[in-house]
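Asker: Now for the letters of each chain:
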Amino acid sequence: MSFLIGENMTGGYGGADILHSCTIAVEKGEIAVIVGPNGAGKSTAMKAMFGMLGLREGQVRLGETDITTLSPQDRVKAGMGFVPQTSNVFVTMSVQENLEMGAYIRTDDFSDTMAQVFDLFPILKEKRKQPAGELSGGQRQQVAVGRALMTQPSVLMLDEPTAGVSPIVMDELFDRILDVAATGIAVMMVEQNARQALAIADRGYVLVQGRNRFTDTGEALLANPEVRASFLGG
Amino acid sequence: MDFLNALVMFANFVFLPGLAYGAQLALGALGITLVFGILRFSNFSHGDLMAFGTMITILVTWWLIGAGITLGPLPTALLALPIGIVGAILMSLAIDRLVFRFYRRQKSASIVLVMASVGVMFILNGIVRLIIGPNDQRFADGERFLITVREFREWTGLAEGLAIRLPVAITVVVAVVVVIALFWFLNYSRTGKAMRAYSDNEDLALLSGINPDKVVRVTWIIAAALATIAGVLYGLDKSFRPFTYFQLLLPMFAAAIVGGIGQPIGAIAGGFVVAFSEVTLTYAYRRVLEYMGFQPEGLVQLLSTEYKFAISFVILVIVLLIRPTGIFRGRVL
Numbered sequence: 001m002s003f004l005i006g007e008n009m010t011g012g013y014g015g016a017d018i019l020h021s022c023t024i025a026v027e028k029g030e031i032a033v034i035v036g037p038n039g040a041g042k043s044t045a046m047k048a049m050f051g052m053l054g055l056r057e058g059q060v061r062l063g064e065t066d067i068t069t070l071s072p073q074d075r076v077k078a079g080m081g082f083v084p085q086t087s088n089v090f091v092t093m094s095v096q097e098n099l100e101m102g103a104y105i106r107t108d109d110f111s112d113t114m115a116q117v118f119d120l121f122p123i124l125k126e127k128r129k130q131p132a133g134e135l136s137g138g139q140r141q142q143v144a145v146g147r148a149l150m151t152q153p154s155v156l157m158l159d160e161p162t163a164g165v166s167p168i169v170m171d172e173l174f175d176r177i178l179d180v181a182a183t184g185i186a187v188m189m190v191e192q193n194a195r196q197a198l199a200i201a202d203r204g205y206v207l208v209q210g211r212n213r214f215t216d217t218g219e220a221l222l223a224n225p226e227v228r229a230s231f232l233g234g
Numbered sequence: 235m236d237f238l239n240a241l242v243m244f245a246n247f248v249f250l251p252g253l254a255y256g257a258q259l260a261l262g263a264l265g266i267t268l269v270f271g272i273l274r275f276s277n278f279s280h281g282d283l284m285a286f287g288t289m290i291t292i293l294v295t296w297w298l299i300g301a302g303i304t305l306g307p308l309p310t311a312l313l314a315l316p317i318g319i320v321g322a323i324l325m326s327l328a329i330d331r332l333v334f335r336f337y338r339r340q341k342s343a344s345i346v347l348v349m350a351s352v353g354v355m356f357i358l359n360g361i362v363r364l365i366i367g368p369n370d371q372r373f374a375d376g377e378r379f380l381i382t383v384r385e386f387r388e389w390t391g392l393a394e395g396l397a398i399r400l401p402v403a404i405t406v407v408v409a410v411v412v413v414i415a416l417f418w419f420l421n422y423s424r425t426g427k428a429m430r431a432y433s434d435n436e437d438l439a440l441l442s443g444i445n446p447d448k449v450v451r452v453t454w455i456i457a458a459a460l461a462t463i464a465g466v467l468y469g470l471d472k473s474f475r476p477f478t479y480f481q482l483l484l485p486m487f488a489a490a491i492v493g494g495i496g497q498p499i500g501a502i503a504g505g506f507v508v509a510f511s512e513v514t515l516t517y518a519y520r521r522v523l524e525y526m527g528f529q530p531e532g533l534v535q536l537l538s539t540e541y542k543f544a545i546s547f548v549i550l551v552i553v554l555l556i557r558p559t560g561i562f563r564g565r566v567l
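Protein sequences, first through last, are from chains A and B. Counted from 1, the first sequence has number 191 at position 191 by my numbering; the numbering is strictly sequential. Counted from 1, the second sequence has number 483 at position 249 by my numbering; the numbering is strictly sequential.
Read the hints as simulated data drawn from the structure, not as lab findings. Be a bit skeptical, because a hint or two may be false.
Unchecked claim - With a straight-line Cα cutoff of 27 Å, these simulated BS3-like cross-link-like pairs (lysine-lysine) come out: (1) K129(A) to K427(B); (2) K448(B) to K127(A); (3) K125(A) to K77(A); (4) K28(A) to K77(A); (5) K77(A) to K448(B).
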């Protein structure tokens with residue numbers, strides 16, 4: 001049984017369903033990547049697992065607990081971290097304040113967690129007094145991931161973390177995400193850059209029209225001729 | 235010597251009044267800008283909230299004076315101020331609970347909340363007039379001057395005198411203390427940072443576990459306290475009249491927008507910009523110029539004082555046309 005699993009998820013934003021009996025799971029210390037064409041319901045699937053979308057059928061479990069009915073805020077308290085695709089930092093606040101806000105629900109001393117985040121993203125330590133809005137796209141993404149890590153989550157969910165950043169920055173971000181997973185956190189991400197993302201994925205999910213189309217290890221999906229032809233451009 | 239006389243006259247009739255008025259506007263505009271930043275609507279009832287808090291302060295002041303309790307040389311109103319602040323806070327929290335919370339939960343458009351605040355404005359206005367009446371009330375007691383014109387003349391030997399009125403001095407001191415306290419709170423306290431985070435990015439703030447109800451509550455508490463302090467200082471400096479406080483809404487909004495709405499530092503800068511524009515444009519400079527060696531024929535008054543509200547209005551229009559984000563890059567209305 002997986003650490004975090006959304007099982008047979010069916011639902012949408014009112015009206016027609018977007019997800020149809022879709023199942024996505026991730027283990028501690030692993031990276032699960034959701035890929036697929038535009039409109040496949042990738043982000044919707046992740047949002048459903050984070051509670052931002054009501055499910056008509058199916059359930060979401062974290063560890064042994066059923067969290068299907070919890071609000072996103074309560075899921076954060078339960079140990080889930082979420083990095084939205086856009087507007088994922090407080091642009092008028094300094095890098096350090098962004099991290100402090102990430103730790104808002106913690107009442108204990110979180111300076112060690114902040115030190116860990118600074119170890120993971122050294123550039124943030126350098127720029128910790130700067131407003132996050134003045135940073136480059138890649139650095140902002142690091143702030144966003146750092147903010148989500150401040151609650152010491154057991155699961156980190158990233159919605160297209162590399163959207164709009166250069167290929168070099170993308171590689172670096174993926175390296176950092178590997179580092180995060182190596183600390184025992186379950187990482188789940190939605191990615192447009194399918195090839196690069198699957199290369200670091202322990203598990204890959206190819207969604208089409210809200211349904212699971214292929215599910216395998218990242219390596220196997222990259223090697224699968226059908227996946228290559230349809231989704232990876234040959 | 236004549237140049238010094240001109241300078242003293244300018245300070246006495248333009249600079250000091252402008253400084254006090256600017257500080258009062260700044261405190262009022264801070265409340266408007268905070269409410270706009272957090273609750274995301276322009277609160278038209280702010281002027282009347284100011285009148286309400288000031289009214290309570292005045293009633294308590296009268297009661298204290300009647301009971302024989304005064305602050306000696308300082309105005310008794312300073313002693314009554316905390317009670318006025320509490321009254322305004324309770325009122326604004328009640329209004330939020332009864333009116334604004336409903337529209338917030340409905341996720342109504344900002345303009346709906348603005349219109350609701352216009353309704354609140356009329357009701358508050360009515361309550362104040364019902365209780366204290368529509369007339370002028372003077373409630374400043376204690377000493378009137380820190381330095382009188384005569385003392386200044388004897389001390390310097392100049393022909394012109396510089397009077398420092400006690401309410402002006404109190405306004406400046408109180409405004410400085412309040413602004414420092416507010417900025418410390420917003421920049422260093424956990425709740426203050428949460429307020430800034432909520433103002434910056436509501437969704438992400440919710441995701442970070444910031445309690446929106448608490449943020450809204452604290453915002454009202456601060457806005458009501460600032461409004462009451464501004465209102466009492468204005469009343470001590472000039473006088474209290476409900477209609478005047480309602481009219482202050484325009485210069486206060488002009489101040490908040492000139493500085494960049496949503497930016498506390500901008501509200502302060504904007505308050506002084508508006509105040510000094512009003513005072514410098516409506517002052518008759520004839521005697522100042524005479525000291526400078528000119529012989530002007532008229533009063534050399536650019537605008538009659540009746541037009542002081544037009545100045546706020548023109549500033550507002552110019553800023554919205556040329557730089558809608560204001561001096562410190564706030565939000566666009």
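Asker: Are the hints correct? Go through all of them and say.
Answerer: Hints versus structure:
no. : hint               : result
1   : K129(A) to K427(B) : holds, 14 Å
2   : K448(B) to K127(A) : violated, 30 Å
3   : K125(A) to K77(A)  : holds, 26 Å
4   : K28(A) to K77(A)   : holds, 18 Å
5   : K77(A) to K448(B)  : holds, 18 Å
The structure shown violates just one earlier hint, number 2.
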